[in-house]
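Enquirer: Residue numbers (UniProt numbering), protein chains in the order written: chain A, 1 to 271; chain B, 1 to 271; chain C, 1 to 271; chain D, 1 to 271; chain E, 1 to 271; chain F, 1 to 271.
Just so you know, the hints here were simulated from the structure itself, not pulled from any lab data. Treat each hint with caution, since some may be false.
To be verified - Taking lysine to aspartate or glutamate and the EDC-like style, the derived pairs with C-alpha atoms no more than 16 Å apart in a straight line are:
hint, chain 1, residue 1, chain 2, residue 2
1, A, K51, D, D6
2, F, K223, E, E7
3, E, K51, D, D258
4, D, K230, C, D194
5, B, K242, B, D206
6, F, K223, D, E225
7, C, K53, F, E163
8, B, K51, E, D260
9, B, K242, B, E213
10, F, K230, E, D194
Please read all numbers here as calculations on a predicted model, not as lab measurements.
Protein chains: 6
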Amino acid sequence: MFYHDDELQFEVEVEDPDPRYAKMLQQALGGQEGEMRVALQYMFQAFAIPKEKNEVRQFLMETATEELGHIEMIATAISKNLQNASDEARREARESDPMIAEMMRSGQPRQALSAGLHAMPVDANGNPFTGNFVVASGNLAADMYANVMAESTGRLLATRLYEMTDDPGMEQMWEYNIARDTMHQNQWHAALEDLGEHRPVPNSFDQSKENQEYNYTFMSTYKDERDDPKQPWTSGESPDGKSEFTYTPRQPGGGQPDLDEMIDEMYNEVN
Amino acid sequence: MFYHDDELQFEVEVEDPDPRYAKMLQQALGGQEGEMRVALQYMFQAFAIPKEKNEVRQFLMETATEELGHIEMIATAISKNLQNASDEARREARESDPMIAEMMRSGQPRQALSAGLHAMPVDANGNPFTGNFVVASGNLAADMYANVMAESTGRLLATRLYEMTDDPGMEQMWEYNIARDTMHQNQWHAALEDLGEHRPVPNSFDQSKENQEYNYTFMSTYKDERDDPKQPWTSGESPDGKSEFTYTPRQPGGGQPDLDEMIDEMYNEVN
Amino acid sequence: MFYHDDELQFEVEVEDPDPRYAKMLQQALGGQEGEMRVALQYMFQAFAIPKEKNEVRQFLMETATEELGHIEMIATAISKNLQNASDEARREARESDPMIAEMMRSGQPRQALSAGLHAMPVDANGNPFTGNFVVASGNLAADMYANVMAESTGRLLATRLYEMTDDPGMEQMWEYNIARDTMHQNQWHAALEDLGEHRPVPNSFDQSKENQEYNYTFMSTYKDERDDPKQPWTSGESPDGKSEFTYTPRQPGGGQPDLDEMIDEMYNEVN
Amino acid sequence: MFYHDDELQFEVEVEDPDPRYAKMLQQALGGQEGEMRVALQYMFQAFAIPKEKNEVRQFLMETATEELGHIEMIATAISKNLQNASDEARREARESDPMIAEMMRSGQPRQALSAGLHAMPVDANGNPFTGNFVVASGNLAADMYANVMAESTGRLLATRLYEMTDDPGMEQMWEYNIARDTMHQNQWHAALEDLGEHRPVPNSFDQSKENQEYNYTFMSTYKDERDDPKQPWTSGESPDGKSEFTYTPRQPGGGQPDLDEMIDEMYNEVN
Amino acid sequence: MFYHDDELQFEVEVEDPDPRYAKMLQQALGGQEGEMRVALQYMFQAFAIPKEKNEVRQFLMETATEELGHIEMIATAISKNLQNASDEARREARESDPMIAEMMRSGQPRQALSAGLHAMPVDANGNPFTGNFVVASGNLAADMYANVMAESTGRLLATRLYEMTDDPGMEQMWEYNIARDTMHQNQWHAALEDLGEHRPVPNSFDQSKENQEYNYTFMSTYKDERDDPKQPWTSGESPDGKSEFTYTPRQPGGGQPDLDEMIDEMYNEVN
Amino acid sequence: MFYHDDELQFEVEVEDPDPRYAKMLQQALGGQEGEMRVALQYMFQAFAIPKEKNEVRQFLMETATEELGHIEMIATAISKNLQNASDEARREARESDPMIAEMMRSGQPRQALSAGLHAMPVDANGNPFTGNFVVASGNLAADMYANVMAESTGRLLATRLYEMTDDPGMEQMWEYNIARDTMHQNQWHAALEDLGEHRPVPNSFDQSKENQEYNYTFMSTYKDERDDPKQPWTSGESPDGKSEFTYTPRQPGGGQPDLDEMIDEMYNEVN
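One chain only, chain A, in its complex shape (with noise of 0.2 Å):
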């Protein structure tokens, strides 16, 4: 079950509100890259742990809610930098009221339009959040390496955001929430240590019933023909250690697609 206090996870402050800087916090509020989608991918990640392993439940089910104070915390940001403009906003904008003026210029006003100047579960360029973001596959080495790069591009979105504001606030934000990112790229790549031997995931799969031509050898496909390119991928042991890498210049080749035609009913007319 889940429970809430008053407290942000850590201060929200915004001294120069910025409108077009609330415009690009959506990305880490509904984006693909966002909080949204790594509080919901650990929780449902969670939610298919058996009972045998309640500490990993309880790992992911601790982050997923950690995730859900950062929802909070970014949807603070950016109501903080929809609600007072600064001087130079006013300036610039004159005639009408500056917020109202930057939004008929925004690409994405609906954060006037539709949510009176406060956040929405939609990304920077304005597309609606989607479960599709959300990744928990039943298979926890796959989850974790989901959440490896979940993290990644969540902290690559972060370092990002953090060169776009000079605000004091903002940067003091982000200083913080970088830091947690660190930490959770760095927590699933210590859970997927703790698995052991898991590559290729599923590593359960008997692999003696893979194709055992074609699953260590890079098959060019470069329209001539060419040589080795002695590149990491093409020879040399393979990570998982369990074979070499080879190359082959050329594809296996399984002959033409032969269809044939389908049942009336269809109406496929092809000629």
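Dock chains B, C, D, E and F against chain A, hints included.
Expert: Same frame as chain A, now just chains B, C, D, E and F:
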């Protein structure tokens, strides 16, 4: 530039067509773990590589091109599973064509209604492919983790689909495709190793700017304070090799959010 | 059956075309609070009315038909705002056509690229209209509340758009449309009153089947137990007139979720 | 900030797992009438409340937090319905695992293919949850009507799902959840009553600016002129108490739309 | 302005209700080839017609209005197919209501869960209608080709649906609707003929600005160079009457893409 | 199978990078009229061609392959327009990097936030590419009309984009691409001519089954009865050569829809 020839990359035969399996195969075509996603993901990643790293562009583009060939294979497999119903299917359907009877029952009848019993750019639930599936961040390490994740969930999907068929042709196709997923997982790991120290991603961000109090500590969000559970993510060296994990049983606390009322023109009545 | 004539429902004039306002108007056309939504919502609700209640079907369908006329008005307003740039816009754009210059800046350049400077079935953020906006539940009371909500957010949008223009023609159009929203809000409330006792929705569900311990109590989810805040939702008669509100400072507690492991064919490795 | 503990809000037991019911339950999780929607809707509404009205923020946030607990319950119910097939299901499926056989028939096989037989953030049709479901307008009265509507359609969904199961555990869960929906419907109505005069929404818009000729009249759009049908929405006092309904059998008429041709650079050939 | 009366455009009777057919009919309502699409497509095209061409606006709008009537017909057909289960369906379902049993099996149970066994604005796969289906380009010739295409795939869908039913009422409805599709296909072709020389679209673009080397040649992308296959698209006069087709067995070649590295603030590490 | 080499199909140079133009170019990449759509559309159409018509499969696949090359060109053009800001842009932005300043203003800042100033699979409004754009019906004539439409709106988009740039490199790229669109429009028309009599689509449906009273008449939906407007679509031979157009000033009339009430388990209260 791209080129094509008449051969499939590998043989696609179906002995006993099964329209239900045709529906399942859509996940491997237009789904989040499917071939359209990886083909386009590796392609968009390649599009962002600067000219100094042409060998990386080629690496990504050659694999993208192979995945285009997998799109062709899976689409062929779908059409072949929709082509001639088995005797058993005919008996079951009796009064009408068994394919049409099955489409009437199906969760995605558009294979018949919109495509005349052929493959579509949708997933197994019948949802259209979306550009949201494609991750290309501009940062190579983040992209490589996205690719490891894509090939992990992709190989997981392939093994699940392998378990759902007894058709010898389909089994052979999956033995091949699972082998390729093994290779691709390994090659992206090899590229990550080749990058050297790259964690936390992005590595070029000056870590001294991070909040140093919260970047390597697991902060519990459990309702009541609990002791350190002594897990691999609460103590020991962090996987990036830069610090030690600690455990914090409580939250920093950022004060209450304190928003002012918005401008009158928004008609935000809150009392 | 539907019919059409050449007249708009009400005049649509634009003295000083403004492409930014054309973008804002899209919310009132293809947005969640827009005319396409209500036209289709009332129409689909009407489609579900049994023959015994033909006067309700007519009521819904007549209003749906009026909203079709509003689609026509707003689309005309958008085209007119994209038609002739004002002198000020010309001065600002100088080197190129001011409409094209504005489209280059715009958050939804598809008004030019895809529609040749005309209206599109999208919202102000540029997202396509979706059938998800349409609520038609088969239950008339639930539908009426959906309509009250649609007209409340719709009138709110209209007042916000009214504040964002100084064009006399646009102001006059909104004065008319806001008036119609007033009427529509009132008419759905009148229909709710006419239904008599209908709460809680659905009213025909035998309420004695509900869990009688938790159906009229506010259960606090605050982290720490708190005293009854004595709000209108923690004490006093419940608005459906069937009970008294109480306050419960803690959660019932349902035990830990206890999932078994899934079948092997899923390859769900969790350790 | 949010917190979590290991308990479900209320017990979730399944005696006789049924994968078809697992599919239906998705509507109560990721669907338009589901728990993800209300949890996020109340949360985003809370994010927009100014500091003067902290008791309203708490009210919204406490209920949002409860709905997070319902997400956890429904997700558990879905996994449990996918876990152990009943004897009847085993007999029906004979040759293969009954869960896999059912997934092959299912309208949303991604529960197996993508989630390893677990819950996903999608609805019963298999469509992903979308941020479009979340309504948070910045205006409290409009938000309360959105909440009444959400709980009305939500309780309607719950009663329909209640009728579709005979499992004692599932029935008990719904008896609890329907009770909570009764409470939530009532609490939002109580908040509306507490607001006092608030209609038409938004109430702060100066109604004298509305077009006074058309704000309380039902204008028929029936093809041929008809007499006043004497319905509660064509005569009598309007529910906002501000006027009397009248009936107008014809349309005001706004003249023909009169667009000019667009600039040449659009290549809009119309003849 | 639009109007409505109580009659359907054409009779809709169902002798033997079939919920599976109700699912299929959704494609003709909310699908890419369905009535909502053409109604809105012709309407948005009409919205863009300048006043000089009022007869074209009327032509488009009258057909849009007819398609609104088709929405009404198909929605009625769906409700009627969900209304009374046949005896056979009752026998099959035995223990429970046959409609509910079928909804439990269905690929789109939301017809029951969300709409109370009525039509919804979704397609046969259960995906919501989207504004993306609507094509209105501002260029009349392009629009007419979009309409020919819409009526071609629409009539194809209708013939497929015709083959999937034996119900006399449904057959009669399709015989009517297929006839209307025949008319609509023909009328858009007639409009194209009336436009005179209009190819290539847009015809007003000065063709001398095109690259004259590559505008009428088929450039092979086959992996290995091949001889001219002597097809109607590699030789002979081009259909626009302006040139002769030629065949080019190889690609022009544009050099390697040569991107510089991006600014540091993006944290695009590529090595 | 597909192949690739290092060359672009045609040169892509940008003299004066313009981030606003980079946004516009997204429509030609991930938009409804863009290269991803046609590449995948022709590919999926090819996937459905039976073995007897291999020359058609090749025709479609070779053009699909060329469009893959156009994806590569447009993506390169986007990156180059985001790479080095012009002097003017630098002056305008003054205090910060001009690219970042522009992204703050942009309608799709995700080019920076998510892609590090590179191309994305989205359109100019910032919406993701969707499989819905791809039309492959299984019927060749319907597909050819879909292709004519795609190349008509595609060439229209290209001419509009051509007008929005003065950059010599970009102009040269469009002169090439517009030429290819001219060829592609013509080649699909040539294929239609080669099909011979194919109208109305699908032509194999026995037209004597159509309702013979309504298949060649324009039925007016104008509110009041009007005389035959004597347009090319109300009289004269129909373009399919099979009948004469007539004009019907009124509707057939299908009686009122007469639905029964639904089963009690739906809780559809309508009074």
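Enquirer: For this structure, which hints from the list above don't hold up?
Expert: As far as the earlier hints go, only 7 is violated by this structure.
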